[in-house]
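Asker: As a plain string of letters, each chain reads:
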Amino acid sequence: MMAGNKDKGGTGSAEISATKKKDVTDAEWANGLRQLYDSVVDEELPDSFKDLLSKLDNKGD
Amino acid sequence: MGSNKRTAAEQADFKQELTQVVPHLRAFARGLCGRADMADDLVQETMLKAWAAQQRFEPGTSMRAWTFVILRNAYLTDMRRNRFRGEYDEGVAERILTAPAGQEEPIHLSDMHRALLTLPPERREALLLVGAGGFSYEEAAEICGCAIGTIKSRVGRARAALTSMLTDGDIPKRHIDDEAAHRAILEELDDVAAGNGIAARS
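Here the protein sequences line up with chains A and B, keeping their order. Mapping the first sequence onto my numbering, position 2 (from 1) lands on 2, and the numbers just tick up by one. Mapping the second sequence onto my numbering, position 170 (from 1) lands on 170, and the numbers just tick up by one.
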């Protein structure tokens, strides 16, 4: 289903690796990965997509 | 289109659900192919294909999973036609680069993205589906048409590779420009495509 409302990395990686500087922990990259994804999900939809969606109606009938 | 098996109301529902998943399709596509413009082309292609195939969608099932299968197959086809070279869009990555609070050395999302693009495609998609898209292993396995254990192992390997790349700061710059590497990727793609079975069957 739509896992739309994920917590956007809010379940922080911030404190988990406090002692390690160099090591990239699982939590860090997992958080980064989600941020990459969510940053695109949160973008405003370009007009070209709205245009396409509005054209679909005509195609269907 | 001649085959109107769906009523107008069903079409409206379908369209509404399709509209809702478009941002997710864009995010998945961006992760897969790296360039925003190409990713968006891929999503539009996916939307048209999904619309044309809407009578095959079972209402009540996951629109996101269903459309991801379509997007994935379109991507694999385009990859084989050499359309995507895994080029990396520096501008996009810079723009979305954010530093999580409280970390001394935050992962740069641009590094993350570049590292992601160096992974073999089947590991990249597994990681995107599970790690970014929030799909369960089971759902991801259905989308990719492979066994759950295969997905788990791909995610595990992708995870290990990313961790080591990001830890060492050793991220290949343009892995895909290397012809041998590119050929290897295409060969792997054939394997991936061969596993299209379950969810992709149409």
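Honestly, the hints are just simulated from the structure, not real lab data. Model, not experiment: these values are computed from the prediction. Misleading hints may appear alongside valid ones.
Said to hold, decoys possible - Calculated cross-link-like contacts (lysine-lysine; reagent style BS3-like; alpha-carbon spacing at most 27 Å):
#1 B:Lys152 <-> A:Lys50
#2 B:Lys152 <-> A:Lys55
#3 A:Lys55 <-> B:Lys15
#4 B:Lys49 <-> A:Lys55
#5 B:Lys49 <-> B:Lys15
Asker: Take the hints in turn and mark each one as holding or not.
Answerer: Taking the hints in turn, this is what the structure says about them:
For a cut-off of 27 Å, the pair hint linking Lys152 (chain B) to Lys50 (chain A) is broken: about 36 Å separates their Cα positions. Proposed proximity of Lys152 (chain B) and Lys55 (chain A) is contradicted: the alpha carbons are some 40 Å apart, above 27 Å. Under the criterion of a C-alpha separation no larger than 27 Å, the hint pairing Lys55 (chain A) with Lys15 (chain B) is consistent with the structure, at around 11 Å. Taking the CA atoms of Lys49 (chain B) and Lys55 (chain A), the gap is about 14 Å. The hint holds against a cut of 27 Å.
At roughly 13 Å between alpha-carbon atoms, Lys49 (chain B) and Lys15 (chain B) fall within 27 Å of each other, so this suggested pair holds.
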